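Visitor: All residue numbers for the first sequence refer to full-length UniProt numbering, where the first residue is 1 and numbers rise by one.
Worth flagging that the hints you see were computed from the coordinates, not collected in a lab.
The reader is advised that the hints may include incorrect statements.
As the list claims (entries may be wrong) - Only pairs whose alpha carbons sit at most 25 Å apart, straight line, appear in this in silico SDA-like list of lysine to any residue:
(1) LYS366 x GLN428
(2) LYS203 x VAL193
(3) LYS11 x LYS94
(4) LYS14 x GLU61
(5) LYS39 x MET196
(6) LYS249 x LYS407
(7) LYS203 x ALA360
(8) LYS99 x ILE109
(9) LYS96 x LYS118
(10) LYS432 x ARG250
(11) LYS286 x GLY20
(12) LYS423 x ALA360
(13) LYS432 x ASN383
(14) LYS423 x GLU412
(15) LYS203 x ALA37
(16) LYS423 x ALA261
(17) LYS96 x THR201
(18) LYS189 x THR201
(19) LYS280 x LEU116
(20) LYS203 x GLY38
(21) LYS432 x THR248
(22) LYS203 x ASP272
(23) LYS249 x VAL429
(24) LYS249 x VAL193
(25) LYS432 x ASP272
(26) LYS118 x SER142
(27) LYS286 x GLY271
(28) LYS249 x ILE281
(29) LYS99 x VAL202
(30) LYS366 x VAL429
(31) LYS222 x GLY376
(32) LYS249 x ALA426
(33) LYS423 x PHE374
(34) LYS94 x LEU36
(35) LYS280 x ARG129
(36) LYS39 x ARG250
(37) LYS203 x MET34
(38) LYS407 x ALA426
For clarity, every value in this text was computed on a predicted model and none was experimentally measured.
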Amino acid sequence: MYFSELGLSNKLLKAIQRSGYEEATPIQEQTIPMVLAGKDVIGQAQTGTGKTAAFGLPTIEHVDVENPAIQTLIISPTRELAIQTEEELFRLGKEKRVKVQVVYGGADIRRQIRSLEKNPQILVGTPGRLRDHLRRGTVDLSGVQTLVLDEADEMLNMGFLEDIEDIIKQTPSERQTLLFSATMPPEIKRIGVQFMHDPQTVKIKAKELTTDLVDQYYVRAKDYEKFDIMTRMIDVQDPDLTIVFGRTKRRVDELSRGLIARGYNAAGIHGDLTQDRRSKIMRRFKEGHLDILVATDVAARGLDISGVTHVYNYDIPSDPDSYVHRIGRTGRAGHHGVSLTFVTPNEMNYLHEIEKLTRARMLPLKPPTEEEAFRGQVASAYNDIDSLVADPTTNRYSEDAAKLLEKYDAVELVAALLNDLTKDDASQVPVKITPERPLPSRNRNGRGGNYRRGGHGNSHRNFHRNGGDGHRRFNGDRKRRFSNNRNRRRED
DNA sequence: AAAAAAC
1 MYFSELGLSN
11 KLLKAIQRSG
21 YEEATPIQEQ
31 TIPMVLAGKD
41 VIGQAQTGTG
51 KTAAFGLPTI
61 EHVDVENPAI
71 QTLIISPTRE
81 LAIQTEEELF
91 RLGKEKRVKV
101 QVVYGGADIR
111 RQIRSLEKNP
121 QILVGTPGRL
131 RDHLRRGTVD
141 LSGVQTLVLD
151 EADEMLNMGF
161 LEDIEDIIKQ
171 TPSERQTLLF
181 SATMPPEIKR
191 IGVQFMHDPQ
201 TVKIKAKELT
211 TDLVDQYYVR
221 AKDYEKFDIM
231 TRMIDVQDPD
241 LTIVFGRTKR
251 RVDELSRGLI
261 ARGYNAAGIH
271 GDLTQDRRSK
281 IMRRFKEGHL
291 DILVATDVAA
301 RGLDISGVTH
311 VYNYDIPSDP
321 DSYVHRIGRT
331 GRAGHHGVSL
341 TFVTPNEMNY
351 LHEIEKLTRA
361 RMLPLKPPTE
371 EEAFRGQVAS
381 AYNDIDSLVA
391 DPTTNRYSED
401 AAKLLEKYDA
411 VELVAALLND
421 LTKDDASQVP
431 VKITPERPLP
441 SRNRNGRGGN
451 YRRGGHGNSH
461 RNFHRNGGDG
471 HRRFNGDRKR
481 RFSNNRNRRR
491 ED
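Make the full structure from the sequences, and use the hints.
Guide: Next comes the structure, spelled out in structure tokens:
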């Protein structure tokens, strides 16, 4: 279906056209008319399905540009996602001259306050900083008409439930509420019941969880073998833009350092870095100045970076949902993608859990040999040389080139330059990665560290516990439940 | 078990 059939105004259609979109995605097709009609909507879909435009277009349509109040509030789980959402809404609302603003932690709050004084009509924010602004009275939500909870399951996992409830309470109760979530655990359904009026549900089917556009592979390897295999894989697959996911912040630091040591253009991003550094690295990656982004799950959700051809899961995620999100960073906008997951022999259960959820098979790959990796490197160098030779500025080196050819044998010279153009391998630059503590083993139901709860009586009890002191959070609760898990005994 | 998020 085309956007022009969805009941949007000319100004928006113009902005859509300028963004290069033509056809609406399934979630947009279903969501946009409902939101335009003023309905509350629960959308079960992940990013990459065009979710931002699905809620963004109709809410921009509803904004009154003569009204200086914040009319749409969007809550996002991570800073990077909030920034990206703001950028997309700005693009879509430019023609209509809608003012969009983003607030998030780790950034100068005074500057944010000054921008807020310019009366944005759409505000995007992360929960903590939004609450901070509400406490200071620098954000007024009394004029909010539409509230959007983006990646609701992720916000729940991160323990933001209380913050979100607190923020919701400061918006008018007759508002329109839109909730997007990749999964629908009972707590999310409860939010739907508690804070929404007769919500309509839009669901993208489970079989569409992972797209056909991503070829999913796995490599079985011991933990200490993974790094060398990964760099060989990179050499063989010669990816364009790559995201490597590591399980911990330390892992990400070590992986990015190791990749740089072997000559790859890589950088790491995780929550312990300053926001300034995080933003700079994201920008470099988005602009194509960085080949490999190494990240924790901070980058797993929602980020839309065009041209990511490969996703490497250096560590298999313990949560199948996390896997779905990670590999969803590639195979976007009709482009083809490849994912490769490293799995140690005792993590094979996790792999099968993931396959069960995605209803897709991961194909096993053999680790490349040193020779195959070397051939891959050389093939990649050939490509580099093609574009290097095509560069018109090379003629200023002609004289020096002639001099060098007098001094050296041509084959010797080119071989030396090829040596410089290719990366170092394990024999030249050994890299040691600290082993991670092994993942907790899954029980027979395949439910390891998941947030899924038991039956009705159980959640009722939790309801009371949470109400008791008002401080207990769902993820704290989850940990306690986990320690009751009989599998824990294995660690005693 | 770890990650994310306010100062």
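Visitor: For each hint, tell me whether it holds in the structure or not.
Guide: How the hints compare with the structure:
no.: 1; hint: LYS366 x GLN428; result: holds, 23 Å
no.: 2; hint: LYS203 x VAL193; result: holds, 17 Å
no.: 3; hint: LYS11 x LYS94; result: holds, 9 Å
no.: 4; hint: LYS14 x GLU61; result: holds, 13 Å
no.: 5; hint: LYS39 x MET196; result: holds, 10 Å
no.: 6; hint: LYS249 x LYS407; result: violated, 49 Å
no.: 7; hint: LYS203 x ALA360; result: holds, 19 Å
no.: 8; hint: LYS99 x ILE109; result: holds, 19 Å
no.: 9; hint: LYS96 x LYS118; result: holds, 17 Å
no.: 10; hint: LYS432 x ARG250; result: holds, 13 Å
no.: 11; hint: LYS286 x GLY20; result: holds, 18 Å
no.: 12; hint: LYS423 x ALA360; result: violated, 34 Å
no.: 13; hint: LYS432 x ASN383; result: violated, 30 Å
no.: 14; hint: LYS423 x GLU412; result: holds, 18 Å
no.: 15; hint: LYS203 x ALA37; result: holds, 18 Å
no.: 16; hint: LYS423 x ALA261; result: holds, 9 Å
no.: 17; hint: LYS96 x THR201; result: violated, 29 Å
no.: 18; hint: LYS189 x THR201; result: holds, 11 Å
no.: 19; hint: LYS280 x LEU116; result: holds, 23 Å
no.: 20; hint: LYS203 x GLY38; result: holds, 19 Å
no.: 21; hint: LYS432 x THR248; result: holds, 16 Å
no.: 22; hint: LYS203 x ASP272; result: violated, 35 Å
no.: 23; hint: LYS249 x VAL429; result: holds, 23 Å
no.: 24; hint: LYS249 x VAL193; result: violated, 37 Å
no.: 25; hint: LYS432 x ASP272; result: holds, 22 Å
no.: 26; hint: LYS118 x SER142; result: holds, 17 Å
no.: 27; hint: LYS286 x GLY271; result: holds, 19 Å
no.: 28; hint: LYS249 x ILE281; result: holds, 15 Å
no.: 29; hint: LYS99 x VAL202; result: violated, 28 Å
no.: 30; hint: LYS366 x VAL429; result: holds, 22 Å
no.: 31; hint: LYS222 x GLY376; result: holds, 23 Å
no.: 32; hint: LYS249 x ALA426; result: holds, 23 Å
no.: 33; hint: LYS423 x PHE374; result: holds, 9 Å
no.: 34; hint: LYS94 x LEU36; result: holds, 19 Å
no.: 35; hint: LYS280 x ARG129; result: holds, 20 Å
no.: 36; hint: LYS39 x ARG250; result: violated, 45 Å
no.: 37; hint: LYS203 x MET34; result: holds, 13 Å
no.: 38; hint: LYS407 x ALA426; result: violated, 33 Å
This entry does not satisfy hints 6, 12, 13, 17, 22, 24, 29, 36 and 38, going by the numbered hints stated previously.
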